[in-house]
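*Asks:* Residues per chain are reported as follows:
2 protein chains.
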Amino acid sequence: MNLKTVQTPALLLDLDKFTRNCNWMKEKAERLNVALRPHLKTGKCIEFARTQMTSPSGPATVSTLLEAEYFFNLGVIDLIYAVGISPGKFERAVNLREAGCDLKVILDNKEAAEQFSAYCEERKIPCPVLIEIDVDGHRSGVKPDSDDLIEIAKILQGKAYFAGVLTHAGDSYKCVGQAACLKAQENERDSLVHCANRLRKAGFEPKIISAGSTPTAVFAESWEGVTEVRCGVYCLFDLVMAGLKVCTIDQIALSLLVEVTGHQKEKGWVITDGGWMALSRDRGTAAQAVDQGYGLVCDIDGNPIDDLIVASANQEHGIITHRDGRLVDPKDFPIGTRLRILPNHACAMAAQHPQYFVVRKGKIVDIWNRIYGWQPKGVSL
Amino acid sequence: MNLKTVQTPALLLDLDKFTRNCNWMKEKAERLNVALRPHLKTGKCIEFARTQMTSPSGPATVSTLLEAEYFFNLGVIDLIYAVGISPGKFERAVNLREAGCDLKVILDNKEAAEQFSAYCEERKIPCPVLIEIDVDGHRSGVKPDSDDLIEIAKILQGKAYFAGVLTHAGDSYKCVGQAACLKAQENERDSLVHCANRLRKAGFEPKIISAGSTPTAVFAESWEGVTEVRCGVYCLFDLVMAGLKVCTIDQIALSLLVEVTGHQKEKGWVITDGGWMALSRDRGTAAQAVDQGYGLVCDIDGNPIDDLIVASANQEHGIITHRDGRLVDPKDFPIGTRLRILPNHACAMAAQHPQYFVVRKGKIVDIWNRIYGWQPKGVSL
Chain Z
1 MNLKTVQTPA LLLDLDKFTR NCNWMKEKAE RLNVALRPHL KTGKCIEFAR
51 TQMTSPSGPA TVSTLLEAEY FFNLGVIDLI YAVGISPGKF ERAVNLREAG
101 CDLKVILDNK EAAEQFSAYC EERKIPCPVL IEIDVDGHRS GVKPDSDDLI
151 EIAKILQGKA YFAGVLTHAG DSYKCVGQAA CLKAQENERD SLVHCANRLR
201 KAGFEPKIIS AGSTPTAVFA ESWEGVTEVR CGVYCLFDLV MAGLKVCTID
251 QIALSLLVEV TGHQKEKGWV ITDGGWMALS RDRGTAAQAV DQGYGLVCDI
301 DGNPIDDLIV ASANQEHGII THRDGRLVDP KDFPIGTRLR ILPNHACAMA
351 AQHPQYFVVR KGKIVDIWNR IYGWQPKGVS L
Chain X
1 MNLKTVQTPA LLLDLDKFTR NCNWMKEKAE RLNVALRPHL KTGKCIEFAR
51 TQMTSPSGPA TVSTLLEAEY FFNLGVIDLI YAVGISPGKF ERAVNLREAG
101 CDLKVILDNK EAAEQFSAYC EERKIPCPVL IEIDVDGHRS GVKPDSDDLI
151 EIAKILQGKA YFAGVLTHAG DSYKCVGQAA CLKAQENERD SLVHCANRLR
201 KAGFEPKIIS AGSTPTAVFA ESWEGVTEVR CGVYCLFDLV MAGLKVCTID
251 QIALSLLVEV TGHQKEKGWV ITDGGWMALS RDRGTAAQAV DQGYGLVCDI
301 DGNPIDDLIV ASANQEHGII THRDGRLVDP KDFPIGTRLR ILPNHACAMA
351 AQHPQYFVVR KGKIVDIWNR IYGWQPKGVS L
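First to last, the sequence lines map onto chains Z and X.
1 is the number of the first residue of the first sequence in the working numbering; add one for each residue after it.
1 is the number of the first residue of the second sequence in the working numbering; add one for each residue after it.
Looking at chain Z on its own, in the form it has when it is part of the complex (with noise of 0.2 Å):
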């Protein structure tokens, strides 16, 4: 099997450029001196989490409990689970606890912090909790300045038990370029120490104090008073990614490989195998400076092609076109011609696929399957 015969659409991982952007994070968190916790939501993937992670056993975040099971099986332990915690999930949290993953979960208010201390309390398993930062008006987290944030504490503390706080500076994702980024993340490291600090002089000490996104992350010069960063798609990037200036083109790992279908001569389209069921219905670059349709389209070594992009699709249609409105002549890209195209955002795309082909210098040297879903495994009635 190769990249002329594989079947597409096909979700292609370049092996070298995904183990660069790992190891450069981790090396670039040790210089800073400060835990790096990787995200494995993006993967979705054994093999990929193990590429990201500083230690087989982790530390690791994940974005569902369905992700915590699948990779604590797999061995890894030290788990955040970085979405807010309701009554619905508690037993499956604590489950987890119990069989001994070392979950932390986290949540942002007094409600749900009353409840899940009930709860632990009744199973008579403490489980550590992580307070929620709302740093940037992002989405969900308590104010810096909130008087829940000791509130929150002091009703875990005994029953569930205070761990610390936790940030994600969503909102550096409409920050360009690095002195931007930068700012967001002085004030996403600033709001969460002065989290830290308001907190210990209440009497609670926080252990964790994790902050993260890829584009704070990229441009941190200090996280000082901070233990870990969280971060998950700089291990893939995107083009939502290079639109903001976090990475180049050339770093982005991630593609679908696509074949030529037919083409529209007289609109001056090139129609493809892939469409939004394969490259997502992602259009992150859509309030960028520069809108990317549905991705850019590479030869299938992933050179980018002349300024092709994908600038529509249906389920299992991509239409390529010229941004600039130019006929693209049918001849360049015969029946059959295979493409890559690049995402948007590269964990919307990889969600679409059960496998990555790991390709390592034009030749496809592995498979690695991908879960996804949210119930437990072998849900039944």
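Mixed in with the good hints, there may be bad ones.
Note: identical chains are not told apart, hence a pair may lie in one copy or across any two.
As a list, the in silico DSS-like pairs of lysine-lysine whose alpha-carbon atoms are at most 27 Å apart [unchecked claim]:
id, residue 1, residue 2
1, Lys331, Lys159
2, Lys267, Lys331
3, Lys267, Lys174
By construction, these hints were calculated from the structure, which means they are not laboratory data.
Position chain X relative to chain Z; hints supplied.
*Replies:* Relative to the frame of chain Z, chain X by itself:
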């Protein structure tokens, strides 16, 4: 397991609505004296398909060769793979034919016709081909008046073999209401009949004359001259179809069950565990008169709530707000509240999930598994 205990996010299929939608289209096709060849790409699930189809062996339509293999192994024999075939898929398609599947493929250009004919001749396995027609400029297909139509039939004859014509009136997705959809349907039918007549005049009898899209199939008053209708999303319906007045909100049979995990009170946000990974990134209503964000919010029983929508989404977070900007009171949606989100595009939402939780009268009565991906089962290096 019930709607209060199943792990969220969970994909719910309302069995009565789904069955009603399926039966409505079966009866309509019968009344209009046309075969129904439902598209199985919406469901990707055998139990689902059996409710759609008029017999357990088909006819049916698929969007990938993996779907063809999966359904054929479960007894569905009469299949059209309705995406233009290209060289990388010849072997796999003809293998299905060799195994006894009555698979038909489609193509829209001389290049593919020549290559596929040569391949079938080499294998000594003729494979019926439909010529794809572009009736409305939507994407692929030959123009109804093109010389290519006859030339492709000539190339196919004797080697692969010419079996008929097929179109997808995809531009009907831009038509709002009965009159506009009906006009699109009449154009679809007339263009296809025109092609069939041109082919007959040239000595090629089209055995299959295949039309169909949900908006045109719902409103069609006559399919005279057409032998079969393909459509898919009618069995579930969704907010995009409701926006086109092709269905009512009440007919939508698919939803995502989510749980409230937090609030941002001063912004009027309710945060749930249903993010874009579970909702899909589809924003198909963005260009419609009513933008439904990432989906319309219903209570646990499926009744829409007072104009609440999922205004934005992260990977595992959905942010619910009022459409008109009024603040939502957190007290109305305490932590742990379960809600259902109706999809913009049912095919896209369903694709994010390994299984349907089949619901009847508020109870989960079954779990149906879906397939996904493109690679042959058990693919290895």
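*Asks:* Next, verify each hint and record whether it holds.
*Replies:* Hint check results:
{"no.": "1", "hint": "Lys331 <-> Lys159", "result": "between (69 Å within a copy, 25 Å between copies)"}
{"no.": "2", "hint": "Lys267 <-> Lys331", "result": "within (14 Å within a copy, 54 Å between copies)"}
{"no.": "3", "hint": "Lys267 <-> Lys174", "result": "between (34 Å within a copy, 20 Å between copies)"}
Against the hints set out earlier in the document, no violation occurs for any number.
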